[in-house]
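With the hints in hand, could you dock these two chains into one complex?
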Amino acid sequence: MRDLIRTLAIVALLPLCLPAVAVIAQDSADVSEDCAACHEDVVAAFKTTIHAVAARGGPSCATCHTDGYRHMEEGGDVALIAVPKGVDGEQLCLGCHQQIDAMFSVRSVHSDTAVVCTDCHSIHAGSDPRRLLAEPSVELCATCHAAPANSFRRPFGHRLDVGGLECVSCHNPHAGSGRDNLVVDRSGEGPCVSCHAEKRGPFVFPHVSGVVGDCMSCHQPHGSSNQMALTRSQVHQVCLECHSPIEGVTLGSQPPSFHDMLSPRYRNCTTCHVAIHGSNQSPQLLK
Amino acid sequence: MNTRRVSLATVALALAVLVSPLAEAQSTLIDLEVGYQWVSVTGNRDMYRTLINQDDGVVLRDFTLNFTDPSSGASVADSIRIDASGFGANPAGSLRFDMGKGTSYRLRLSYHQFENYSALPAFANPLLDDGVIPGQHLWNRDREVIDAELQLLPNRAVTPVIGYRWNRYSGPRQTTYFVGQDEFRLDSDLEETEQEIYGGILFATNRWSGSLLQGWRSFEATDRVGLVPGAGAGNNLRAVLGTDVTLADLTRTVETEADTPVTTANIRGRLGEAVRLTASYVQADADSDTSASELLSGSLVSFRLSRFFSGLDQSIASRTESPSWRGEARVEIDLSPEVRLDLGYEARERELEGWALISSLYLATLNFSGADPRDISTLIETTNGYEREDDIASARINLRGVGPFVLWAEGAIRSSDLDLSEDVAQIVTPGSQQGEFNREVDVIGAGAAVVFKGARMSLDLVSENADDIVVRTDYIDRLRMRGRVDWALSSWLRLLATAEKITSNNGSAGVGYDAETDHVALDLEITPTDTFLLRLAYDNYDTDSSVLVRLPQDFSTERSTHAETGQLLEGGLRWRIAPFDLDLGYSEFENTGSFGFDMTRSFARLGIDFNDRVGGAFEFENNEYTEDLQQLADFDADRFGVFIRWRL
Numbered sequence: 001m002r003d004l005i006r007t008l009a010i011v012a013l014l015p016l017c018l019p020a021v022a023v024i025a026q027d028s029a030d031v032s033e034d035c036a037a038c039h040e041d042v043v044a045a046f047k048t049t050i051h052a053v054a055a056r057g058g059p060s061c062a063t064c065h066t067d068g069y070r071h072m073e074e075g076g077d078v079a080l081i082a083v084p085k086g087v088d089g090e091q092l093c094l095g096c097h098q099q100i101d102a103m104f105s106v107r108s109v110h111s112d113t114a115v116v117c118t119d120c121h122s123i124h125a126g127s128d129p130r131r132l133l134a135e136p137s138v139e140l141c142a143t144c145h146a147a148p149a150n151s152f153r154r155p156f157g158h159r160l161d162v163g164g165l166e167c168v169s170c171h172n173p174h175a176g177s178g179r180d181n182l183v184v185d186r187s188g189e190g191p192c193v194s195c196h197a198e199k200r201g202p203f204v205f206p207h208v209s210g211v212v213g214d215c216m217s218c219h220q221p222h223g224s225s226n227q228m229a230l231t232r233s234q235v236h237q238v239c240l241e242c243h244s245p246i247e248g249v250t251l252g253s254q255p256p257s258f259h260d261m262l263s264p265r266y267r268n269c270t271t272c273h274v275a276i277h278g279s280n281q282s283p284q285l286l287k
Numbered sequence: 001m002n003t004r005r006v007s008l009a010t011v012a013l014a015l016a017v018l019v020s021p022l023a024e025a026q027s028t029l030i031d032l033e034v035g036y037q038w039v040s041v042t043g044n045r046d047m048y049r050t051l052i053n054q055d056d057g058v059v060l061r062d063f064t065l066n067f068t069d070p071s072s073g074a075s076v077a078d079s080i081r082i083d084a085s086g087f088g089a090n091p092a093g094s095l096r097f098d099m100g101k102g103t104s105y106r107l108r109l110s111y112h113q114f115e116n117y118s119a120l121p122a123f124a125n126p127l128l129d130d131g132v133i134p135g136q137h138l139w140n141r142d143r144e145v146i147d148a149e150l151q152l153l154p155n156r157a158v159t160p161v162i163g164y165r166w167n168r169y170s171g172p173r174q175t176t177y178f179v180g181q182d183e184f185r186l187d188s189d190l191e192e193t194e195q196e197i198y199g200g201i202l203f204a205t206n207r208w209s210g211s212l213l214q215g216w217r218s219f220e221a222t223d224r225v226g227l228v229p230g231a232g233a234g235n236n237l238r239a240v241l242g243t244d245v246t247l248a249d250l251t252r253t254v255e256t257e258a259d260t261p262v263t264t265a266n267i268r269g270r271l272g273e274a275v276r277l278t279a280s281y282v283q284a285d286a287d288s289d290t291s292a293s294e295l296l297s298g299s300l301v302s303f304r305l306s307r308f309f310s311g312l313d314q315s316i317a318s319r320t321e322s323p324s325w326r327g328e329a330r331v332e333i334d335l336s337p338e339v340r341l342d343l344g345y346e347a348r349e350r351e352l353e354g355w356a357l358i359s360s361l362y363l364a365t366l367n368f369s370g371a372d373p374r375d376i377s378t379l380i381e382t383t384n385g386y387e388r389e390d391d392i393a394s395a396r397i398n399l400r401g402v403g404p405f406v407l408w409a410e411g412a413i414r415s416s417d418l419d420l421s422e423d424v425a426q427i428v429t430p431g432s433q434q435g436e437f438n439r440e441v442d443v444i445g446a447g448a449a450v451v452f453k454g455a456r457m458s459l460d461l462v463s464e465n466a467d468d469i470v471v472r473t474d475y476i477d478r479l480r481m482r483g484r485v486d487w488a489l490s491s492w493l494r495l496l497a498t499a500e501k502i503t504s505n506n507g508s509a510g511v512g513y514d515a516e517t518d519h520v521a522l523d524l525e526i527t528p529t530d531t532f533l534l535r536l537a538y539d540n541y542d543t544d545s546s547v548l549v550r551l552p553q554d555f556s557t558e559r560s561t562h563a564e565t566g567q568l569l570e571g572g573l574r575w576r577i578a579p580f581d582l583d584l585g586y587s588e589f590e591n592t593g594s595f596g597f598d599m600t601r602s603f604a605r606l607g608i609d610f611n612d613r614v615g616g617a618f619e620f621e622n623n624e625y626t627e628d629l630q631q632l633a634d635f636d637a638d639r640f641g642v643f644i645r646w647r648l
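Each protein sequence line maps, in turn, to chains A and B. Just so it is clear: in the first sequence, position 95 is 95 by my numbering, and no numbers are missing. Just so it is clear: in the second sequence, position 576 is 576 by my numbering, and no numbers are missing.
The set of hints was computed from the structure by calculation and includes no laboratory data. Note that CB positions come from ideal geometry on N, CA and C, so glycine has one too.
With the Cβ distance kept under 10 Å, some of the chain A side facing chain B (calculated, not the full set):
| # | residue |
| --- | --- |
| 1 | Ala147 |
| 2 | Ser169 |
| 3 | Asp185 |
| 4 | Arg186 |
| 5 | Ser187 |
| 6 | Phe205 |
| 7 | Gly213 |
| 8 | Gln227 |
| 9 | Thr231 |
| 10 | His243 |
| 11 | Leu251 |
| 12 | Phe258 |
| 13 | Asp260 |
| 14 | Cys269 |
Where chain A lies over chain B, by a calculated footprint (3+ residues, C-beta under 8 Å):
| # | region |
| --- | --- |
| 15 | 120–131 |
| 16 | 175–181 |
| 17 | 374–387 |
| 18 | 532–543 |
Isolated chain B (complex conformation) (with noise of 0.2 Å):
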């Protein structure tokens, strides 16, 4: 993995030194800046990880290099863009390279990786109020993507493109498996790939232009699952009609294979002067095959069987065929060079066809007696599928010219139709997996903006009416308003404000699904010279939400209640007085409500232009978080950090 990463980056510069001796630069600039922090974590250091996860070590702060040649054809390239940034002790990183040559060619790949740490100590973890932490389900995995286009003679009449795209996520992770009437936690080591390779051409003409692609996409997953060391007695102490369950060993290995054909094609351009058209159409038909095994022993117990077991060899086959459609059509009328008038239409069907065959042997089994010893095999073949159809139509006018106003005013009708069908007898507890939902929404909205003594301000409405739900927390009416105000009051103070609220709710029997949300915002910026700036920032985000819920404990119902009460407030300041460059900021969340947390941030930089090409900088930074409920997760962490820069 790090040798691919290291090779990608080697690859994407070696090709910047191939390429610019070739070229005749007249412009390039060229930024580096690189160094090493440490880290210090009190308190839960897992937590630190999942939200933060800095480390010690070297850090790739930046790298920028932009080259462009305007004045010479003769090159090789005229213009390449490298950025690269995060690599190290880091959770994310990006590397960026963009090169091309007027008309004859471009080039763009990127590489991105990301560090995906969790350790929390209450999500999902049952075990939490006997001071159990971290939870069951940790994982520590890196995902990586690489995007790579070629597109020949762009900006012609036809340009050929080809792509190619890679996206990896692998890693251990420890998750549970109930089997027998217990969690056994276990050890997964994951390996899944996704890669797409596409080809086809773009056009583009006087008045049409579009595209015509052609993809092909492969996704590939191995899970091997083991049980976790020392983990066989499970996290349930209570022994089963007399029989304590634990597990000896476990292997499981699953294998997932999917393809997927992706055709695309959309159409833009001009019907006379005063219609524009655009239509696209994509289709992807996905198919998937996996295939997985399990081996178990133990002194296990199936409600299903009736019967107590001491191992189990099960295998699962499974296909999945999928076909999706996807076709949108917009046309844009300019009644007047002041009203426009755009209508649209989109339709979307989706399918699926899952089939699945279990076969199990369940060996040594008993009944619930101690009594009839034998082997049990058991054969599942279950069926699952839907059918969904979207149809969305929608006309929206724009009027410019009204005074200094621009005012815009939509409406639209989003219907939805699902069919689905499942093999019931796979069901727990049979209704509302299938049949079939049909909603339609209505949508109408409305809005206006204006441009007015250097103040900026739109405000916005939308209403939708919905004839019915689906799940239980779709809305039947919904309202949503919003404001923003962008005021520079004077060159060197500016305010920007922005509130919304959010209504949604479905009064129905049963359902009484109620939810609001508030938010408001405002930033002050403080500007009295090109070298100062201040920012002070307030937000307030208020969320409630009720629905009736049925507890399956006893079937009784009660209101599910979610609130929360967030407060940021913010100040940041940045002051260059040569050679310095200080950077100073503040932030502190607090949120009260269903669960409650604060977070506080500060940061310090103060950078140093030793002459005009290099220059230091010293680091701060420190994060508290803080639960109000419980102080399993708080953790206070700083981090130091000096960097190198080098500008050319």
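Here chain A stands alone, though its shape is the one from the complex (with noise of 0.2 Å):
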């Protein structure tokens, strides 16, 4: 009932803003009119674009096309107009993006792939007028990257097909590779605990998480055939792995012997370590 109230108010609300906006939209002359003579479909969509306001004022099709009166007087000849392409492309964009440059330059692992920008970015408008996004977020990244994409069709794991959440909620795709690759906030912390806010801690009793390794040493965050999201399949495999102090000096100790790993009560370690990720109030993580 709460959800039906909410989404029916939000609905009810959005008409709202559709006649004052659809009262003042009428479009009007600017400088590239005169590509639009031809390009009209492209200079109608460039206009919905960020870029269209970045440029007013100044050249807007001019600015990365160059002159094209010679094309124009040719009749549309192609090969009269810039059309940047490539690495060239890339430089003429970072030109202006100077904030991307200084990400994009140094160890982005899309352009050590020889990805530039016009890969995943829609000049004249896309799906995303904003970003500039040649398709929505998720199916840009698929595009390439299928087997990660595919791994989110494991049961367990964060959902991309319900709404809320994009590749680009953890990963910066102007960054660099692996681990580089994270998002992070503004502590230098991973994407992981900018929503489990709760699993941040400081805890007195902190369990992985700070101390060594992070989040990924128990879970698969993309999908995973555990209804955790761990590594393993079942969860006493991941707590003995580490906590099996055979030979050597590792960190992690021997549960007690009354861990009975026969029944089943006994391999299901959170049943009693409910505070797995860290405990302010017990040294066993018990609460």
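See below:
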């Protein structure tokens, strides 16, 4: 019932902004009118983008395509108009997007695999006029990253198909590879605790995160066959694989002998160790 | 909660209404799709809610308002963007609001809500073999996140910025508590809120840009716990030393507060034309305080006291201080237009000092002979702490212009030093919980990418070698190889393929860790016309891991093995024939190995444009989930939906 009320309220409010915007929605001439004579659809789409706003008072089409008068005079000869592509196009974009330049040029995994700006961004408008994405964010990433995209098909993990989360919620496509690719918050911590703030601590008795390893030491965030998105299908495997000091000195104590793994009770360690991410009350993470 | 959600949407949308008439709009795009859906589930509905969690009701599929005004400087805003989706009978919803005016200001607001439901039959369920489902650990909680940021004079030399973040996790949960040699089901009502406000400046000159931000983060949590009605017998029906362990009542309240000032600074810029520099520094000093009180009564036993007892009055006060900092500097040098050298260094340090005082009054205790009645008070003061330092030095060289190739090679040294100190009196089995642990990992990697005749191919290889391990699943050697092909075979046929292999191992005596993952994904896209897309996908995933473990009950060793073989078959079709828009999809994921299951999804959507502005859509979705070992979690669910679309 509460969902119904909430949704109906939002839906009822949304049309309120339509008349106001509709009344004032009129096109007028700007510096792209010459181009629009032939490329009407492209210019109309471009006007919906943030680039059109950024280009106010100055050239818009010509900013990237340079002077197109000879192109026009020669009846639209494509050889007479600049169409930035590949690395040249990348450099053109980075000429203005200096903050991206700083990220992109230093260890960008995409730059190193010959992926350039226009592979992901549709400059003349796309599915997202603000970010100029060529396709919706998740579909765009999945185009090349089929293996990670498919890993979300496993039953337990984060959901990308119901709204709310996108690949870029956790990954920065302009940054480096591997762990360097993860979004960090203002305190330099990874993307997990941005949402799962209660796991951030600090705890008097912390477990793995912060001490050694991180969330991915035990979890598979994309998708897992374990119901808690763990790296092993059975809970006790995740725990025992570290908590088995057989030889040498490793971190992780031996569970007491009354933990009989033949009993289902003890094969599910988190039945008792409920505060497995860290506790302020129990050294054994029992509460 | 709901009032707040609606209010937030109202504020954001009303803002759009208010500012819109003031602007001379040049381009406005509005898209609204809303409808109603019906869900029918056969089988385990709890499992359906855990995995899918769609419900009957109204759903806001999509609302988009995109407004740009490139021609005038007189309006309040020259760009407004609102995106909303998912609210209603859907487990997640998001609202994003972004407006700005050239170099005057930029305002960003977002609101996300996620329903988090879990009622699993097998997880942490000691009674599964008795057929008792779901397990004892259930929750039905909501997470809501608000982000807001205002930049004044964006892209000027100095841009003041202020922001706010609010993250709340709340709702009921059922959990267990181990006391008196038994486990009892508890109801928990939790409310956790993290808030952060920050402010500072962004600056930019021709050559240098950066930011200096100061934030204050606070976390407050209150968890109220009580015994589930009728759960006083616990789940262990065996008597302990002839005494049946029961719990008559339990109440616990835990309150936690944490404060963390966060300072962030970064700078990036150029030294000459050939050298770029980026550096950052973050300092976060977290302090937290917790107070907990617990009252319980019943017939209980404590082996620590070697006594029976009938009540416990416990209070816990704890405090943690955890300062941390992280600094990073990277320099990028253009040795020539085709050759770039990157050098980086990162240092991180985190400390923690924890202290807890646990005061317990055990009421009406008796020794195991049933004699010596008395109350016993215990006072435990325990401390905990660690200090961790990480240093990472790295170098990378990147070559372009070697024919159609991009080549790179990298090397890095990552070292970690960890010093743990724990109150050994509070460790049940002493050992391996404290001391010094050091590990250094050497990384060497190389890769190549090429764009040639419509095909983009890349190959990379990273090898890591460590001198020691800290936890037993750390590797000594790790090798990752990955290849990727994106090949446009013709204007209507595109093939994408990814192959990845990862091996990790540690052959040390007593560990014997060995893990291997093979992953192959193939995608074929056929687009004979602009209005037709057929996509076929195949994915195969194999992973095996093995490590020696010691069983606690008899200290014998055995191999802990985990194996998965996953196969995904997927097909999708999108066909637009005005006024119809057809979208069909089918996927089947089969996983065999340690935990076998099948998950099949079928989807169909038919959209119809009644005219340029109004359309409708019908949706059907089927999700079927089956587990190989037991059928307790299986479900088969259908969803039907009818939606109205309005474009302006």
